Amino acid sequence: MTDFAARHLPAVRPHIDWERYVRIVAGAAMLAFAALIIVLPLYALLSQGLQDQDRNFVGLANFFNYVHDSDLRQSVINSLGVALLTVAIVVPLGFLYSYALTRSCMPLKGLFKGIALLPILGPSMLPAIALIYIFGNQGYMKWLMFGHPIYGPAGIIISQVFYCLPFVVLIMTLALSTADARLYEVAEILNTSRWRVFWTVTFPGVRYGLINAAFVAFTVAMVDFGIVKVIGGKFNMLAVDVYRQIIGQSNFQMGAVIGVILLLPAILTFAVERYTSRHQASQLTCRAVMLQPKPSRLFDWLMLAVVCLLALPILCIVGTAIFASFVTLWPYNLTFSFANFDFGAFDPGGWSSYWNSLEMAGWVALFGTAASFCGAYLTEKHRKGSRILLSYHVVAMIPMAVPGIVLGLGYVFFFNMPSNPLSFLYGTMAIMVMCTIGHYYTVPHVLALTALKQIDSEFEAASEALGVSFWTTLRRVTLPISIPAIIDIATLFFVNAMTTVAGVIFLYAATTKVASIAVVALDDTGDDGPACAMAMMIMFTSVGVKILQIIATRLLLRSQQQWRSGSAQERAATPSSQVTL
Amino acid sequence: MFRWESRVPRVLAANRLASPGLMPAMSHSETSGSLVAMREMSSSASVVSQGNGADASFLRVTGVGKRFGDFQALSDVTLDIREGEFVCFLGPSGCGKSTLLRIIAGLERQDGGTIHSRNQDISNLPPAQRKFGILFQSYALFPNLNVHENIVYGLRNQRLPRAEIDSRLKELIELIDLKGSEKKYPAQLSGGQQQRVALARAIAPSPRLLLLDEPLSALDAKVRVHLRQQIRDLQRRLGLTTIMVTHDQEEALSMADRVVAMRNGTVEQIGTPTEIYHTPRSIFVAGFVGKMNILQGHVSANELRVGDLAFPVSASYATAENQGNVLACLRPEQVRLRFPADGGLGEALPGQVTHLEFLGSFWRVSVKVPALGDADVSADMSNHDMAGSPVSVGDPVGVLLPRERFAVFPASRPGQPEAAGPR
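From first to last, the protein sequence lines are chains R and G. For the first sequence, the working numbering assigns the number 94 to the initial residue and increments by one for each residue that follows. For the second sequence, the working numbering assigns the number -10 to the initial residue and increments by one for each residue that follows.
In isolation and in its complexed conformation, chain R is listed as follows (with noise of 0.2 Å):
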């Protein structure tokens, strides 16, 4: 008797590796691709910053010559005020919107959290703008503001409240919705008043996401550039310092110190984030019981109610800003028009820059996409004894740590150097995509990284044994798997590049700016019509592709269900996070 199985016994034959080489040779591109988009930039600006306009080396005496202008001096000082300012308004509010959202049985969940998330969609420039409108010279409630001017730090820090809200309620909600409900239980059989179980249980489980989200916060307003510029007035900052440095006085020394400088806050909170992680992690074993709010009439009106009066402000701001981009001329015609939309009649660029910001958005969401999701998947599934795919981790997880608008100046410095082979690159569109992919390079990482994660590791080792190539494994399982997470990663490039100012500010050419550029020259002109209508563009656009996102991971998963079950693949298909700096 004999069987197909055992029966033949082919013969060990040694030959090439194949995989091997593959896979040294695309860790080694991913390797050579980050570091180009990320280090090599950062490391032209931190040079730059010491050495003097002859490029000679000075050591710190820029950071000295820094220290002793007390005009920069001043922005430090301001810059830090407001940022305090700023995470000690919105952390609260962010965590009591959170707070409603997770733990009351409060109606229309969705459609509020949609609402908190809708600053980010849009730039930073259109809060300062609507505020403008609603407080400025010609405000219709400039009477709130008592003859203080809304320029400066006030509308600043109303602005940077309204822009940071949504990092902060992202943040809170995932720290709040991962409560054990056994704690909560026991707090009840043992009669425990609310407050105190509020204290014991809710607070510490939650203290780290506080931490998380004020730090987040804290950076956000330090570095933003786009909000400042609009409202700022005569109120100086850091990001703008940067901004007048290189392009008003050409002092590239300067802006790299300042750039410099930015630098610090984000990597106090880079490592504030891996720390907390590490506990937040910590918090929830496996056997813990998700807790399910319970209705209670009264605490669901009172969270309704706390929640619609912070939803008012945010929807007055988009309103405002979305009716003031429909009038001829606000506040003196107010008939309804698309003349704001004539972009061509205010700025040179007209339309182009809206179709530039497309494009540019398309590009960075196709190779950002497929850059972030290839590299998460060598880091993933390949790493082990990988030094290359572990630098690559390294790098990728840097951008987190980088304001744009320093990155951006990097991409100054570097491709800008006279012996850089790829200085033809500069004034292209390619050099604004690589910047921005560059800028918003972690969080997709990290959320392939977690897509991945919950794919399981023995796939690879499984198709190893039976003879099928890695590339084939990932294009037949791993890639159908993750496309939930890839139309998410790809959503998320793709609305940060067009929101984004800082990172290309410096990097664009008359070809090829981008609506968010736009906007600040528009408002900058003058024209504040059309500048909130660039702006209205952006975030109708940017709320579009969320939508479209939506609807098709629906409908993806729906066609899919008969092979995805569990909850696995559906938390790796919901938008988990889109915490950026």
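If a hint is listed, it holds; no wrong ones were tucked in.
Some but not every residue of chain G turned toward chain R, in silico, with C-beta under 8 Å: (1) P116; (2) Q118; (3) A129; (4) G143; (5) Y174.
Covered stretches of chain R, going by a simulated chain G footprint (3 or more residues, C-beta under 8 Å): (6) 107 to 115; (7) 545 to 556; (8) 568 to 577.
Everything labelled a hint here was simulated from the structure, so no lab data went into it. Values in this document were obtained by computation on a predicted structure and should not be read as measured data. Idealized CB from N, CA, C, for every residue including glycine.
Once you've looked at the hints, dock chain G against the given chain R.
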């Protein structure tokens, strides 16, 4: 290249039985006969030049070591696996058995030592080139591919004609008894069914060796026993050399031709299940496999003293290191009980029942025996005996110990289980 479909007669179809999994194992002579035939075919195809030594072991692991950071997962592991054999790596979690399996598969790289298959060094070959099939504990079935696609996953690479793949798939589906489920996705199958699909996928490309990594531990007890038989029957039928990793001693004893008992990254004992069970070579193996009464004793002049009693030391334990203080081990089923109602205890040692445990098919009775230094001795008692002479805690009973069945180990080795001392 030599391929099975062109030269090997396909006999499976002819041998197909009504109930898969219940086919009698083929006799040994049949196995070796067909294998000899195979080797001749192989060498006539001038493919295998080194592998025709008839006495060469199929797989030889020599001095393999593996370290993960500070943790020595394996140290100096040496073992031989013969053609057509079913070998179990048995040990507690963390003993290195899975690491050893993954090193054999090529999924981990050993720090030192070599692995030979039929005298050919495969130590540094990537997994794909070793042509071993692996069954993972997590099944590792591709969720987005259906049963059909999963099973033929490794076949598509061999550039087989489509008809060939289809007929092979048909055989495999019948072999694992999942006819009609070809279009189902893994998520729509039960755990046992998924594991069978994974098994079919592993053996589809005709592996030279099948590696099973705790294949049954994620399944219900009932399914586990059933699948245990199925895997064993399939393995016998295919004559497929197989290594299985398990921490379940019952699984190892019931399935394996030979068991490799492992602990702390070293091999403690290699032997047939009966050897492992009846003549363990270390106190660890004695304690890990089955229940063991462990008593403190003393050996001098080939005489084992336990409490007030003396026993001869059996030949297999009369070693130089078994001198002085020792641990004397005895299986509960080797201890017999006598009851006063049977007409006196006779030569049995008087004792008192301290604990009763009902284990379904039998009772385990703990008896305190003054003659053994007040040690607690466990004895198994059938339900039938229990019905005949019921005992309860506190009852006096007699204990009969066999003369030469003690397994003896030196008393002074670190990390060993504690002997049952006087209470």
